[in-house]
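Each chain, letter by letter, is given below.
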Amino acid sequence: AAGVIQSPRHLIKEKRETATLKCYPIPRHDTVYWYQQGPGQDPQFLISFYEKMQSDKGSIPDRFSAQQFSDYHSELNMSSLELGDSALYFCASSLVGEGEQYFGPGTRLTVT
Amino acid sequence: AQKITQTQPGMFVQEKEAVTLDCTYDTSDQSYGLFWYKQPSSGEMIFLIYQGSYDEQNATEGRYSLNFQKARKSANLVISASQLGDSAMYFCAMREAQAGTALIFGKGTTLSVSS
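Residue numbers (the numbering used here), protein chains in the order written: chain A, 868 to 979; chain B, 137 to 251.
Extracted from the complex, chain B is given alone in its bound form (with noise of 0.2 Å):
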């Protein structure tokens, strides 16, 4: 079973609109990490923003937050303000603590931003 499931292969926004990248994540263990990241074209991978298993509340970084829903098992980026320069593959990739150090990745969605 995937551990990370990204369901939109791409997503479409218009420059300043908040879009809404989903993820939801399959684990039996009590304390993981959730983490997002961008890929540009270029290739590199920038950190965006963490959510710990037992953080209540929603992590925020700029115009990047994280919609949390432990119930839910989902860990959706919010982006607001969308800007061109978000045009970019977005991945949402979990650590499980029982499972070591190592990031499991989703497959990836790709954002285009339009003006």
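Bound-form chain A, shown alone (with noise of 0.2 Å):
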């Protein structure tokens, strides 16, 4: 069965630096959530979209933007990077109605 795919896998950026991740759902799933994970820690909560629109927006900062496009694929962009963003970027994906999320395989994001 197909699985929520995310692009990169790794990504290594500079303080200061840009970076975008790329989320590509299961097909038909239509809400499309993003959570990091710094090392050692459990995922947080950042933003979720149904349908193109932002649904909910959990501890995301100013700095970090996300959309979702008209294919359902959905793009992370984090601005401004810190040391403090290094961490393991998931998507998720999910019918809406349905219970479960399904993660991709995550962005290990490392800021230098």
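Derived contacts from chain B toward chain A, CB cut-off under 10 Å, selection only:
hint	residue
1	I140
2	F183
3	A238
No more than 35 Å apart at the CA atoms, straight line, and that leaves these computed lysine-lysine pairs for DSBU-like:
hint	chain 1	residue 1	chain 2	residue 2
4	A	K924	B	K209
5	B	K243	A	K919
6	A	K919	B	K139
7	A	K924	B	K139
8	B	K139	B	K206
9	B	K152	B	K209
10	B	K206	A	K924
11	A	K880	A	K919
12	B	K139	A	K880
13	B	K152	B	K139
14	B	K243	A	K889
15	B	K139	A	K882
16	B	K152	B	K206
17	A	K919	A	K889
18	A	K882	A	K924
19	B	K139	A	K889
20	A	K880	B	K243
21	A	K924	B	K243
22	A	K882	B	K243
If you're looking for bench data, these hints aren't it; they were derived computationally from the structure.
Positions of the beta carbon are idealized from the N, C-alpha and C atoms, including for glycine.
Dock the two chains into a complex; use the hints.
Structure follows, in structure tokens:
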């Protein structure tokens, strides 16, 4: 079965640079979520989209923005990167009304 | 207050034994969902099992079952017949209907299975 696809899988950036993470949900899933997992931490919810509209917002810094496109893929844009942004970034998808959120493999971002 | 509490930082079990990973939750919402995810050392988050607050039967998926005790606000994961490949971090998570779509995770339990 098709899973959530994230690209790139690994990314190294320097402080103050920008990064764009991409997420392709499971086909027919209409809801996308972004989570950030710091080293040794549990995942923290950043933001979610349903049918290309932002549905919920969590602890997403103002330096970050995200959107969902007409083909349902989503991009997380991160600017003015800081060392503390180094983390594993997960995208998850689901069908609205269904409980399960299926996670992608994650993008490991390292800021140096 | 913690919404999801996993009190066992680490658990050790031998192959073929059953193991229970504890999870308690805190919510005033009547409608919520409880989830368990497995995170191997490779990093991916693998969905294991889901229990809705209105589900009367405990959820089961293969070797995984969720022992849902609503009055005690607990949602323990039971893994039967442990395998070496079960060694991983296990996260309990909750979604509250009134809080939207976000999953709130516990701190996780590291399970080590030995032969």
